[in-house]
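For the first sequence, numbering that gives the first Met the number 0 begins at 0 and goes up steadily by one.
Treat the hints as calculated values from the structure; they're not laboratory data.
Just so you know, even glycine gets a beta-carbon here, dropped at the ideal spot from N, CA and C.
Among the hints, a few may not be true.
[Said to hold, decoys possible] Here are the simulated lysine-lysine pairs, DSS-like style, with alpha carbons at most 27 Å apart:
| hint | residue 1 | residue 2 |
| --- | --- | --- |
| 1 | K348 | K363 |
| 2 | K393 | K376 |
| 3 | K57 | K348 |
| 4 | K954 | K915 |
| 5 | K727 | K877 |
| 6 | K348 | K376 |
| 7 | K848 | K837 |
[What the hints assert, rightly or not] FRET-style restraints, in silico, Cβ to Cβ:
| hint | residue 1 | residue 2 | range |
| --- | --- | --- | --- |
| 8 | E216 | H480 | 44 to 52 Å |
| 9 | R172 | R315 | 45 to 53 Å |
| 10 | K417 | D22 | 16 to 24 Å |
| 11 | A186 | S43 | 31 to 39 Å |
| 12 | R411 | T385 | 48 to 56 Å |
| 13 | A412 | P555 | 21 to 29 Å |
| 14 | V213 | A668 | 53 to 61 Å |
| 15 | E810 | D437 | 16 to 24 Å |
| 16 | D22 | L959 | 51 to 59 Å |
| 17 | E599 | V937 | 46 to 54 Å |
| 18 | T513 | Q217 | 31 to 39 Å |
| 19 | D437 | G188 | 52 to 60 Å |
| 20 | P469 | K363 | 52 to 60 Å |
| 21 | V344 | G632 | 51 to 59 Å |
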Amino acid sequence: MFSRNLLGPTKDKMPHDLPKAYDPTAIEDHWAGYWVRENLFAVSTPTELVQNQCLDGKSPFTILLPPPNVTGRLHMGHMLNQTEMDILTRWRRMSGRLALWVPGTDHAGIATQMMVERQLTEEGTSRQTLGREAFVERVWAWKSHYGGAILEQMKRLGVSVDWSREYFTMDERLSVAVREAFVRLYAQGLIYRGAYIVNWCPRCQTAISDLEVVHQEQKGHLWEIRYSVLDSFGRDSGEYITVATTRPETMLGDTAVAIHPEDERYLHLHGKKLRLPLMDREIPIVVDPWVSREFGTGAVKVTPAHDPNDFAIGERHHLPSINVMDDRAHINENGGPYQGLDRYVARKKIVADLEAQGLLGAIKDYTNNVGHCDRCKTVVEPRLSTQWFIAVNKEPNGGGESMAEKARAAVRADSSGKKAIRFTPENYEKIYLNWMDDIHDWCISRQLWWGHRIPAWHCGVCHKITVPEPGATGDPAACAHCGSDKITQETDVLDTWFSSGLLPVSVFGWPNITPETRADFDAFYPTSLLVTGFDILFFWVARMIMLGCWFAGDVPLPDGSPRRPAETVPFREVYIHALVRDANREKMSKTKGNVIDPIEIVKQYGTDAVRFTLASMASPGTDIAFNVARTEGYRAFANKIWNAARFIFMNVDRAAEVGIRIERRWFAAPPLLTNESRLEDLWIMSRFCNTAKRVNEALEKYRFDDAANVIYQFFWGEFCDWYLEIVKLRLNFNESLDNSEATDSLATLLYVFQNSLRLLSPFMPFLTEEIWHALYEGMPPRKSIALTSYPQFEESYLTQVTYPSAETSMEHLVLAITSIRSRRKDLGIEDKVLVKAKVASSKSGVLRKNRDILLKLARLEDVEVVLFSERDSDDRYKNLAWQAFGHVDVYLDYQKEIDVAAERERLTKDIAKYEKGLAAAERQLGNEAFLAKAPVHVVEGLKEQEAETRLLLEKTIAALETLPKE
RNA sequence: GGGCGGUUAGCUCAGUUGGUUAGAGCGCCUGCCUUACAAGCAGGAAGUCGGGGGUUCGAGUCCCUCACUGCCCA
């Protein structure tokens with residue numbers, strides 16, 4: 000097998016004996032392992048770099064892998080994300096940048112805790128039985144055993160990350176950063192603790208942030224409940240006020256009923272009290288303009304402990320808050336007779352009891368938006384609870400901008416129009432800013448055991464909170480307020496996104512930035528790019544911007560000068576990629592069962608083909624409907640490349656037989672072509688340079704689709720379809736002949752092929768690596784094609800010769816060939832039959848000069864080439880059945896009966912087409928306004944087109960007339 | 001309810017600042033195992049660019065409107 004030669008090439012073996020069909024499984028594992036083993040993409044701490052300045056003058060290209068959950072399994076979204084990052088990183092690396100891609104995993108608080116809890120349940124135990132310390136140990140054990148499987152999957156995809164820098168968000172050094180970030184924010188007055196309505200997940204038994212709540216429409220009911228109005232003696236007045244609710248069980252915690260101050264229906268009730276049914280509690284009627292008069296009955300029950308709006312009303316009217324549910328959303332001791340019941344059981348019972356007491360009004364069907372836990376899909380319970388928050392809109396102690404303000408400024412254009420962070424696609428900038436404009440304080444505490452424990456200590460004596468001073472190491476021994484040593488650490492942990500939001504600063508050493516340790520930070524911060532999905536735009540991207548801008552601002556530049564805001568950002572660019580959907584544009588989900596496992600597809604079609612599929616469909620802003628039909632097509636492309644290699648190796652071997660060896664300089668520099676060089680060589684070099692230029696431009700704009708399609712088109716449609724076919728004419732190696740022509744052709748062929756491999760390698764790293772090594776017969780100049788340079792548009796090279804004329808000449812030749820082929824088909828000439836042809840053209844010189852190509856590719860026995868003018872003035876050419884193809888007319892000398900009817904139909908159809916086109920052109924050219932206002936090249940182009948169409952029309956009509964009458 | 005996007009060939013999608021007769025892949029039809037490749041080669045069919053209106057010499061592209069559809073936020 001081919002790759003075995005690379006591991007130990009032997010002279011006596013045929014080195015280029017490749018299997019006929021490309022088999023990715025035979026090579027991919029080998030190279031994936033090789034890249035990791037050889038540490039090819041490791042970037043050591045730069046020693047002589049100044050801030051963002053490489054020795055060669057190019058800044059480093061730095062990119063962080065969005066850390067997958069340690070519990071994660073690779074899905075299509077990851078694969079898209081990683082393919083895009085890998086293409087860009089490989090491309091930047093090959094383009095001469097110091098390219099660092101840092102991988103790692105996220106401890107994923109809730110997800111991981113759930114995973115281990117599930118295991119414990121199966122074992123018949125629980126985390127509570129184990130206790131906190133043992134449980135956390137158990138999670139670590141789980142992590143070392145099962146965690147990070149996703150990184151192994153990534154290795155299989157061949158991502159060019161620096162594995163030596165792999166991190167885990169709970170690593171010691173990153174935990175230090177988390178703690179320091181917390182204590183600094185606390186010292187700045189931006190972290191506070193308080194009782195607020197939070198989203199409570201009864202399943203996970205923790206508060207979750209607004210972002211972790213997914214709203215879903217759900218069919219439910221709207222229950223109307225009658226509350227008795229009391230008279231001035233506290234007795235039932237006989238009057239009722241009716242409220243409507245979707246959550247009747249919360250009435251247990253009602254502390255008021257609110258009405259709109261100007262609602263005429265209730266004016267007489269201002270200042271009255273009500274009897275809360277079932278609980279027999281007196282509650283006031285309050286007036287509040289927030290109440291909508293149109294909704295329901297215009298009277299709303301107020302449950303400050305279980306609804307954010309009610310909480311606000313409660314604050315305004317100094318109402319008590321009665322929390323009626325416990326951590327599991329069971330009714331607690333404040334729920335009277337309902338204590339201990341699950342919320343939904345309680346709901347049923349309360350409705351039944353109300354009905355029994357005649358206090359239940361209408362029950363209406365009602366669809367409302369119910370919040371669910373993002374993680375476990377349990378219905379979230381808004382619930383009053385004491386949590387830790389970051390005040391994102393608040394000025395820090397000592398003044399200055401808030402975190403949100405800094406984070407907005409980083410994205411908005413400054414006075415000179417520059418943006419410190421640029422989004423692609425651009426519209427995400429607006430989405431980000433809209434969100435940032437009404438951002439709420441961030442609830443950062445979670446009632447979990449797995450995560451970074453909040454570095455705050457509660458005093459058992461004075462009940463105040465002690466948070467260490469910034470920079471302090473070690474835990475406090477005594478209360479900072481009363482000196483008592485009876486302090487215990489807060490049991491809550493931090494939101495996972497708090498630690499991942501710090502990654503851009505923490506992975507490069509923050510907060511430990513000293514002259515000795517700062518080299519990484521100086522070189523790699525800000526990172527160059529973030530590639531991620533829009534689903535974590537707010538979760539992660541926004542938090543990184545807030546935290547990055549906040550903390551990097553304290554780190555001076557290497558020369559000691561203060562860091563300007565634009566240099567505090569965590570990344571300079573954000574590329575938001577699309578969602579990968581299934582072939583029917585459905586969102587992939589486990590419940591729908593339409594999840595495509597990338598590893599399965601990779602096994603079936605090869606990593607390169609899947610990568611190429613994703614790249615070719617990754618048009619910014621458009622979701623990807625992943626269709627294996629596409630992947631099948633790109634597997635065919637991989638096979639095409641493979642077979643081109645086989646063809647080339649075959650010729651290298653044939654050359655070797657007559658003593659011609661590959662010379663390294665053929666690879667190193669482009670062939671020296673002149674205006675006298677052969678057309679196909681000039682043309683393919685021109686096309687290659689053009690392709691390289693377009694690929695570089697496309698990648699610069701994150702147009703992975705354009706880049707992939709341009710390469711595909713070049714390699715298959717130009718290099719294989721035309722160049723290889725033509726070059727077969729030249730590759731005649733013979734001991735008795737002068738082989739210089741064949742050798743020259745081989746040199747150009749190898750140059751273009753080898754550089755095409757480089758061009759392709761960021762997209763198809765495995766296949767190109769394999770063939771590239773084989774080209775050097777196992778003795779390559781570098782360890783990997785990934786360490787060679789990326790083809791660039793070589794301006795100086797292209798000005799040496801007249802490439803544009805080579806392109807037009809080649810186009811003409813191609814037109815002549817395809818025209819003859821088309822005519823052959825029309826006449827029903829079998830492929831293997833060689834015929835004689837006459838070709839009239841506007842460029843007969845090109846066709847005469849490349850007669851051999853014309854004969855071979857059009858399968859001709861002989862060809863006579865004349866100019867149009869010669870043909871038209873010579874009687875010998877009159878009355879022949881010419882077929883017009885624009886700049887070329889074709890006549891084939893073939894005796895077989897032609898199908899007159901079919902021919903007539905075809906010509907008639909053509910005539911109709913030309914007439915239509917001609918009419919359109921004439922109409923426009925007859926328009927004086929058009930002639931006056933349109934740019935010259937447009938007018939000239941149209942005139943030319945009109946003339947051509949007219950000529951085609953005339954010729955076709957003539958051809959129709961020469962057909963025998965029926 | 002607020003905001004953003006989409007509608008182009010049978011399918012999945014490109015189409016850059018308005019400019020000559022709208023492209024690609026897959027699929028489809030016809031013929032070929034032409035020694036790199038049948039995962040291939042050659043030739044071909046297929047679109048009134050969601051509907052309507054407007055701006056313009058000129059609109060898939062800009063504006064208005066309607067329809068359908070997706071997403072985010074509340």
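Each hint tested on the structure:
1. The hinted pair formed by K348 and K363 meets the criterion: a straight-line CA distance of about 18 Å does not exceed 27 Å.
2. For the hint linking K393 to K376, the alpha-carbon distance of about 33 Å lies beyond 27 Å, and the restraint is violated.
3. For the proposed pair K57 and K348, the alpha carbon gap of about 71 Å is over 27 Å, so the pair is violated.
4. A hinted pair counts as satisfied when its Cα atoms are at most 27 Å apart, and K954 with K915 qualifies at roughly 16 Å.
5. Straight-line distance between C-alpha atoms of K727 and K877 comes to about 36 Å, which puts the hinted pair past the 27 Å bound.
6. With a CA separation close to 25 Å, the supplied pair K348 and K376 stays within the 27 Å bound.
7. Between K848 and K837 the CA atoms are separated by roughly 15 Å; this keeps the pair inside 27 Å, and the hint holds.
8. The given range of 44 to 52 Å is respected by E216 and H480, whose C-beta atoms sit roughly 49 Å from each other.
9. At roughly 47 Å, the beta carbons of R172 and R315 sit within the given window of 45 to 53 Å.
10. At about 51 Å, the CB distance of K417 to D22 disagrees with the hint of 16 to 24 Å.
11. Under the hint 31 to 39 Å, the C-beta atoms of A186 and S43, about 35 Å apart, fit the expected range.
12. In this structure the hint that R411 and T385 lie 48 to 56 Å apart at CB is violated, the actual value being about 36 Å.
13. Between A412 and P555 the beta carbons are some 26 Å apart, a value that agrees with the proposed interval 21 to 29 Å.
14. About 58 Å separates the C-beta atoms of V213 and A668, a value consistent with the hinted range of 53 to 61 Å.
15. Against the hinted window of 16 to 24 Å, the Cβ-Cβ separation of E810 and D437 comes to about 58 Å, which falls outside the hint.
16. Checking the proposed 51 to 59 Å range against D22 and L959 shows it holds: the Cβ atoms sit about 53 Å from each other.
17. For the pair E599 and V937, the beta carbons lie near 52 Å from each other, so the given range of 46 to 54 Å is met.
18. For T513 and Q217, the hinted distance range of 31 to 39 Å is not satisfied, since their beta carbons lie about 55 Å from each other.
19. Taking the beta carbon of each, D437 and G188 are about 22 Å apart, not inside 52 to 60 Å as hinted.
20. A hinted range of 52 to 60 Å for the beta carbons of P469 and K363 is consistent with their spacing of about 56 Å.
21. Between V344 and G632 the C-beta distance comes to about 57 Å, which sits within the given range of 51 to 59 Å.
Hints 2, 3, 5, 10, 12, 15, 18, 19 from the earlier list are contradicted by this structure; the remaining hints agree with it.
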